[in-house]
Every structure is written in structure tokens, then in C-alpha cells.
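A.B. asks: Residue strings, one per chain:
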Amino acid sequence: MVSSSSSRPRQLAVLFANAAPAVMSVGLLLVAWELYANYSGIKPTILPAPSRVFEQAMLNREALIGNAIPTIRATLIGFACSLGAAFALSMLVDFFQPLRRALFPVFIISQTLPLVAIAPLVVLWFGFGLTPKIMLVALVTFFPMLVALVQGYEATEVEIGQMLRAMGAGRWRVFVLARLPSALPYFFAGLRISITYAVVGAIFAEYAGAAKGLGIYMLNAKNNFRPDLVLAAVGVSAALTLILFGLTALLQRLAMPWEQIVRQPAGKGPGR
Amino acid sequence: MSRLELRHVRKAFGGLDVLADISLSVGAGEFVSILGPSGAGKSTLFQLLTGAEHGEGEMLFDDMPLDDHGRHFAFMPQSDALMPWRRILDNTTLGLEVQGVRRQAARARVAPLLAEFGLAGFERHFPAQLSGGMRQRAALLRTVVQERDMLLLDEPFGALDALTRAAVQRWLEQMWRHHRWTALLITHDVREAVFLSDRIYVLSARPARVLREITVPLPRPRDSTAAAQQAGALEAEILDILLNPQPSKGHDHD
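Chains as they are written, first to last, in my numbering: chain A, 1 to 272; chain B, 1001 to 1254.
Treat the hints with caution; some may be incorrect.
[To be verified] Label-pair distances were calculated between CB atoms; the ranges are: (1) A:249 with B:1039: 41 to 47 Å; (2) B:1229 with A:154: 28 to 34 Å; (3) B:1213 with A:106: 54 to 60 Å; (4) A:154 with B:1179: 49 to 55 Å; (5) B:1062 with A:245: 46 to 52 Å; (6) A:92 with B:1028: 34 to 40 Å; (7) A:253 with B:1067: 42 to 48 Å.
No lab work stands behind these hints, which were simulated from the structure alone.
Built from N, CA and C at the ideal position, the CB exists for glycine as well.
Please work from the sequences and hints to get the whole structure.
C.D. replies: Have a look at this one:
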């Protein structure tokens, strides 16, 4: 587009301006924490300073990375399964509305299960391998994705549907041409929320029992009175979540180019 | 020679009578308007025609009963119903795509019309980048390229501001003189109906029946001074029928 070359630096400036308050508040929090940990006389085995957490994270980076990989794997595989299932079921529900009333109560109940109670049970039933992690990640992410998709289909402009049917389109064509693209904004909103649940779900599953992973690493560090390593692992999981969150935002920009272009001041474009 | 003919069409939703008794006809190359108050069930009529709903009475097209499969109509809804995620070019070819026309062929059919519809240079734009008037023209282009027997226009300019609406009406009248589409327009705008139509059916409030059938004798082009001068009296007369539905002051059928 004509305007993209000129607006790129401006976009970056806007990005910095938007990020500045967040960076400052996080920075301030870290400084306050550092000062408190250093000057209040609290023991580092109770509350380590952020500088110590960072130092220990660097010293133990191999162990942290080694434990992050199974967590990432469980998160991504579990989330992919959940996404596939949510998509398939959302289509079924969209085509056969009565299914919605039959299935949604079950899924809502599944959302009320306390993870604390469920995680050890799932580990008990399915062992210490990848399976229980995938299941727990799927459990916490499936329903939000399903709801997002079903709501998204229903957000389709009524008149677009009427027009397509008048054109001679059947239900399947209407779904592909109108309902599916209409659901995209809802889908990405759901994606951003569930991807953060997914990481938490994976760590919880590992906490309940695993050979390797950030969850079990945290548990061991806590049992060894190493809150600095617990916090280092928390930092890694936070970074992981932020990266996945950023990836979904990037994916949304790529999948919905019209949103980006529309946000720019009304392009007059060529001609006229 | 009438193409579309409705005889005593009725429709009720549950216990609610929406269409009481509608008889009308639209001839080949004729621009006919259905004028009535908001909520009179005008859009219901289009739902019957496009097969989205079923009613009582006879609906004939070229003397054959309308069925769901006989796709005679290209339908333009109240909103422009452009898909925000499709570029203008892909929005205008949508109907052809649904008919199974290949993308290249569909684009080739739309291409020569883009300039006439004031959309040349905007093929790659998204709908949200266009003004309301341009969006309506894109929606109309999407409707006419389907090359169906007849256009159904459901209050297509209702959402536009007054000035844009006047501009698009003028443009549409000019386009119609050129193409002579067989068209049925739903509107509650008296001026719009008079400006565009050959004939007007004035409907009552719900349950809707035809109050009057009016032939518009104005010369075309309608934006000429002569037409504009005569339009005023006709508009006043129609407005009177709409606002005082009981035939008074000797307003009989003409």
C-alpha cells in the first residue's frame, strides 16, 4: 500500500509510546522489590532480591531451559489438540443447534472443576508422561475457545447470510464464506486468553507429578528452600506466556489484514 | 408483459398478520417501488420472493409459479452487506462465485463495470476504507453482475446521509436508464420512490395491503427541471395517501 513506507517509523514510535507506561510500572515494581529485599533485613531464603533471582537464573540456565522444553511441548501439543477439538465441535454446534443445549452444560461443569483436585487425579490415571499434561491443558483451554468460536459464528451479519442464501448458497457455503471469517475476531480474542491458561495448565500438571518441566522444577526448588530458583522459573514461564501472547497478536495481524489497513487514516489510494 | 406477478399474497407469523393482501406486477424493464410505512412488512415480501419464508397466495414469474429453486432474483439488502474481510473486487464477484463462476471469469465480468460504478482504482480496497455512497455502489455492482432476471432492492439507501442518498439516487436513475433492469424497490421514502420508479404500490401499515397503485408520469431523466417541477405535486399526493389511509377527499382508484 502507498502509505506503509511512510507510516512504518510512525508505527514504531506509537508502539514505544504505548509500551512506555507498562515498562515503567514493571521497572518501578522491580526497583521497590530490590530495595525492600536489600534494606528490610528479610532473609534471601524468604524473599530474594530480583538481582539475585536473575543471577541464579543465569547460573542455572541450562536446568531452566531443560525444564522449560517439556513445558513448552505440553503447552503447544495440548493447546493444538484443544484447538482442533474446539473447532470441530464448534462447527457441529453451529450446524446442529440442539447439540448446544446438550453439550454446553457438560463443558461448563468441566470449567468448575478445581485444577488443584483434578491435576493429581489425572496424573494418577495417566502417569507421569505427556498425556496428562495435554489433557489438563486441553481441559482449561477447550471451553473458552469453543465459546469464542460459537459466539463468533453468531456474530455474522444477518443480512450477509440472507444475501448469500438469496444468491443460492447452501449452509456449508454460508459457513465458509460468511460465518467462519466473521468469527475471526472472536477466535483471536479467545486465543489470547486461552494461550495464557495453557501455560498455567501445563505447569499445574507438572506440579502434580512429572519427570521434567517447569512445574516440577518449581516444586523441587521450593522443597530445597530456594525461592530464588522458584522465582526464576516463574520468570521463565512468564516470558513464555508473553511470547505466546505476542505470537497470537502477530498471527492476528497476518490473518486479518483488513483490520490493520482500516485502522490507518482512510486511505484515499490511487485513482480519483 | 409482466414478468413478476403476485396475486393475493398473504403472510402471518404466528398469529400476527403481516401481509394481508398483496397483488402486484412488475413488467420487463420496469422500475417498480413498494412504498409503505416502516414495519409494514415490506421486507417480508422479499423474504417470500427469495424463498426464505413461505406464504399464501400466488407468486408467478413469467407465468410460472415461483419455487425455491428458480433463482430469478438478485437481492440487495438494507445494509450494504459487504464483507469487511474481502476487498472490493472480491465483494463484487461474490454472487458469481456462489454461482460457481471461476475467479478469473468472474473478475473479467466485473472489470468493465467498475468505472461505470465509480469504483475504478478501489478494487484492492477494503469496504471500511470506502465512503457510504461508494459502498452502496459496490453493493449494487455485486447485485447486478449476477445477471438475474430481476433486481430486488430492500431500502438500499436507508443508511446514507441525505446528501449522499440524493447523489446515489441520481446515479442509480441514470444507470437504470442505461441498463433498463427489471427492478423492485422497497422504500419508505416518498421522494425516492417518485424519483426512481415507473410505478409505485403504496402499502398500508401492518397488516399490509395495497392502498393505491400509482403510475409515475414524470419524464426521464428525473433530475431534469421539468421532472422536478411535476414531482412535488405527486409526492404531496402520495404522502397524503400514506398519512390519511382512509380514502377521503374523493381519492379513488385512478
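A.B. asks: Kindly indicate which numbered hints from before are broken by the structure, ordering the numbers from low to high.
C.D. replies: Checked against the structure, the hints that fail are numbers 2, 4, 5 and 6, while the rest are satisfied.
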